[in-house]
Amino acid sequence: MNHEFEKFSDPGLPEHVHRNADVDPIAEKRAEQQVAILFVLSALGTILLIGSYIFIKPSSFIYLPVLGDTNTQQLLLGVGMAMSLFFIGMGAVQWARKLMSDTEVIAERHEFRSPDEDRADFVATVKEQAALADVGRRTLIKRSLGLALGLAGLSPLILLRDLGPLPKKEFDTTDWKKGTRLVTDPGDRPIKPSDLEVGAVAQVLPELSGGTVRSLENIGKDAVLLIRLRPEEFNLDTERLSWTHEGIIAFSKICSHMGCAVALYEQQTKHLLCPCHQSTFDVTRAAKVIFGPAARPLPQLAITIDADGYLVAQQPFTEPVGPSFWERSS
Amino acid sequence: MTNKERIAGNVAGYVDDRTGAAKWLKKNLTKVFPDHWSFMLGEIALYSFIILLLSGTFLTFWFDPSQRDVIYNGSYAPLSHVQMSAAYASTLHISFDVRGGLLMRQIHHWAALIFMTAIVVHLLRVFFTGAFRKPREFNWLIGVGLLTLGIVEGFLGYSLPDDLLSGTGIRIAEAIIQAIPVVGSYLSFFAFGGPFPGHVFIPRIYMVHILLLPGIFLALITIHLMLVWYQKHTQYPGPGRTEKNVVGYPLMPVYMAKAGGFFFIVFGVTAFLGGVASINPIWLYGPYTPGQISAGSQPDWYMGWLDGLVRMSPPIETHAFGHTISWNILIPGLIIPGILFTGMALYPFIESWITGDKREHHLLDRPRNVPNRTALGIMSLTFMLISLINGGNDIIATHFHLTINGIMWFTRIGLFTIPPIAFVITKRICLSLQRADRDLVLHGRETGRLVMTPAGEFIEVHEPISAAKAWTLTQHLQDPALAIENVDEHGVRNPAGIKGRIRARWSVANAEQIPAATVTERKELEDGHH
Ligand code: HEM
Ligand code: FES
Chain Z
2 MNHEFEKFSD
12 PGLPEHVHRN
22 ADVDPIAEKR
32 AEQQVAILFV
42 LSALGTILLI
52 GSYIFIKPSS
62 FIYLPVLGDT
72 NTQQLLLGVG
82 MAMSLFFIGM
92 GAVQWARKLM
102 SDTEVIAERH
112 EFRSPDEDRA
122 DFVATVKEQA
132 ALADVGRRTL
142 IKRSLGLALG
152 LAGLSPLILL
162 RDLGPLPKKE
172 FDTTDWKKGT
182 RLVTDPGDRP
192 IKPSDLEVGA
202 VAQVLPELSG
212 GTVRSLENIG
222 KDAVLLIRLR
232 PEEFNLDTER
242 LSWTHEGIIA
252 FSKICSHMGC
262 AVALYEQQTK
272 HLLCPCHQST
282 FDVTRAAKVI
292 FGPAARPLPQ
302 LAITIDADGY
312 LVAQQPFTEP
322 VGPSFWERSS
Chain U
505 MTNKERIAGN
515 VAGYVDDRTG
525 AAKWLKKNLT
535 KVFPDHWSFM
545 LGEIALYSFI
555 ILLLSGTFLT
565 FWFDPSQRDV
575 IYNGSYAPLS
585 HVQMSAAYAS
595 TLHISFDVRG
605 GLLMRQIHHW
615 AALIFMTAIV
625 VHLLRVFFTG
635 AFRKPREFNW
645 LIGVGLLTLG
655 IVEGFLGYSL
665 PDDLLSGTGI
675 RIAEAIIQAI
685 PVVGSYLSFF
695 AFGGPFPGHV
705 FIPRIYMVHI
715 LLLPGIFLAL
725 ITIHLMLVWY
735 QKHTQYPGPG
745 RTEKNVVGYP
755 LMPVYMAKAG
765 GFFFIVFGVT
775 AFLGGVASIN
785 PIWLYGPYTP
795 GQISAGSQPD
805 WYMGWLDGLV
815 RMSPPIETHA
825 FGHTISWNIL
835 IPGLIIPGIL
845 FTGMALYPFI
855 ESWITGDKRE
865 HHLLDRPRNV
875 PNRTALGIMS
885 LTFMLISLIN
895 GGNDIIATHF
905 HLTINGIMWF
915 TRIGLFTIPP
925 IAFVITKRIC
935 LSLQRADRDL
945 VLHGRETGRL
955 VMTPAGEFIE
965 VHEPISAAKA
975 WTLTQHLQDP
985 ALAIENVDEH
995 GVRNPAGIKG
1005 RIRARWSVAN
1015 AEQIPAATVT
1025 ERKELEDGHH
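Residue numbers (my numbering), protein chains in the order written: chain Z, 2 to 331; chain U, 505 to 1034.
Hints are not guaranteed to be accurate.
[What the hints assert, rightly or not] Taking lysine to aspartate or glutamate pairs in the EDC-like style, the calculated list, with each CA pair at most 20 Å apart, reads: (1) U/K638 x Z/D117; (2) Z/K8 x U/D1031; (3) Z/K8 x U/E641; (4) U/K638 x Z/E105; (5) U/K535 x Z/E112; (6) U/K736 x Z/E109; (7) U/K748 x Z/E105; (8) U/K748 x Z/E109.
Just so you know, the hints here were simulated from the structure itself, not pulled from any lab data.
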């Protein structure tokens, strides 16, 4: 390009235009009144707040369209507080917009970079001071200081060690043992196969040995779902089939993905669905994953009946239940 | 001197005698703040943080952060005599037996949502207008830090009431910790003081929620604002606005009244939401137990994109040498978020490396004038949005009669295809907007009036635009691409070959622009007309 293009130039700040209230005393008065009205509205809001705190019964409800049944007191407290705050704000903003000066002002900016001289000075000072401490030469000191600081930095980690016990084998085991009875949750009643109709589901837990209290940690590992199908509906290998009893099959209820409770059973498709990320397991095929992010089937619990005809576990789970972890071997 | 003036003088004198701050105060009380609606986004974030401090402190007076078992006997009859944690029982107590307690809980939760939304929109404003450029990179980093910590803080708060919904959230967080290779099960046991859920997690995150993180927030926000103050606010381009000045209103009284008033407005609106709009009705979910779950459970929106990524992840795990790596958890739960947030934090430095631009910038960009950056921003947003959609796949499926399978495949494929398409489209749009600006400056505004030329043709009358407008539309910098040599002066291939090539390509893409109109061109056109 051989000829220079002339660029548009900055025309500078536009001329200031006066507002109505700046030039017309009546408009000014009106603006003043508007602001005052807003502040008075705020005061009314606070009175509403105080009134509803004292005079309205906390147990009274009103029905409102859209909102439904609403606690009257909480509602009016909220509306009162909202008015009380909102109108202070509106008043202040209106005041600023209508009555305070609206002349734009210009301030200068300065580059942050210091003059070269100052920067050079600064670098020189740093070098000088460092030289005074002989940092460059004292390698032994530097290295040992590095070691000391590094180790000192580790100590918080050491001190946090007692946050919890080591996991040991905790992730691998549950409370299900050979012969543990299946009991209903809630209710803690042992169950017989006849208690479950075909198509039914039940949540069960291992029976507690006398006197122990069931904790959430136990439930978090032990929760099991029982589902009863017609035996011919299964599509299992012989071992897995031998883990069922009269069409009743038992799976860990703790999702093999991230541990949510796999709570939804679709009777028609015989699918178990986890509501967290929709992993779907096919009950007829040993809880094989047929949809979603879970990478493993739900562990199956081998069940049978004991001498009294109650459902019991044949053996513990043969793999850890719940989400994966580093030490898990399969 | 009136009496009032004398008192004011005395107070000022008293302060100055003890601090010598008269000069500093004078300068700062008249400090200039430019005015624009988009500058209020950061303010909303700040104000909702203050609301969170106030309402949160109110909640601490009754909230009992304990996982000890209690039998509920408060006034919410459906849960009477139910065994639950003290944390859940005290949240019920706040909701039903403390006057204004439910209001404060709902204000706190709404304020948290507003806080996160404001941070995100504020961050987008900063991104798309290039406000993160030198000298404001520190504030960009602080902002990314605040966003990250905000997500954590919001999640912890959500987890405190120990209801069935929030307990499920903790369960998932535990699974992510547990999935970390090598140390996962140890970290989980340390965090939970033993097997999940244990009795220590809620007391521990309570300390983090009300002390540790708010303290860090306060420190970061203070630095953030001090930097804004010291570096002075950026401003949008326009007549009279240059890189060397700030045009706006003085702090006292106009800005103070507007900003102070705006705080009350934000607080008022939040209180209104808290009063009328039910949020997180924990009494409907029941107490947490690992054996149960509430269907259709949804996290707050700022967690939703993570949930969506987890949901669409393919079921991949590696089992080898007696160990398991859960890619289906690690990739969506840690690796992708890690990459996204690191990329976001580093963006200012990447851009300045690509453009070679080391100048200070105080005038904001109009997004269309930086097509590459704008397109990149829209691309990332699209990515987030698609993840977020999948986070609500169950709700969307029932609402619009779609299958979850369909939504999942749509988002799985869409996650990789739609963002690049969004990039290309955005870039095109930016360039055509630039072209429109150019036409507007050169040809003026269409008036819709037709006149007949002597030759009998109809032409539309164009009205020239104002000098101010012409300046605003043409003032932006249009830097050429970096000239990067792939060979050095000895004819040897540049050792930084690949890096250099990426930089060169990106730099060329960045420099793609429609040349801004010039006076010369407009003159030529006008002369041509006559
Ligand atoms: C950025 C800051 C904060 C965010 C995003 C946040 C978010 C949340 C959320 C979403 C909840 C759940 C509320 C519910 O629906 O029950 C919560 C609970 C709670 N927050 Fe915060 N919070 C913040 C700061 C604070 C501060 C500063 C305090 C105290 C000084 C606090 C105290 C509490 C308490 C006591 C609860 C439990 C009571 C309850 O859930 O009803 N929060 N927080
Ligand atoms: S926890 Fe069950 S699908 Fe994720």
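- Message: Which constraints among the numbered hints does this structure fail? Numbers only, ascending.
- Response: 3 and 4
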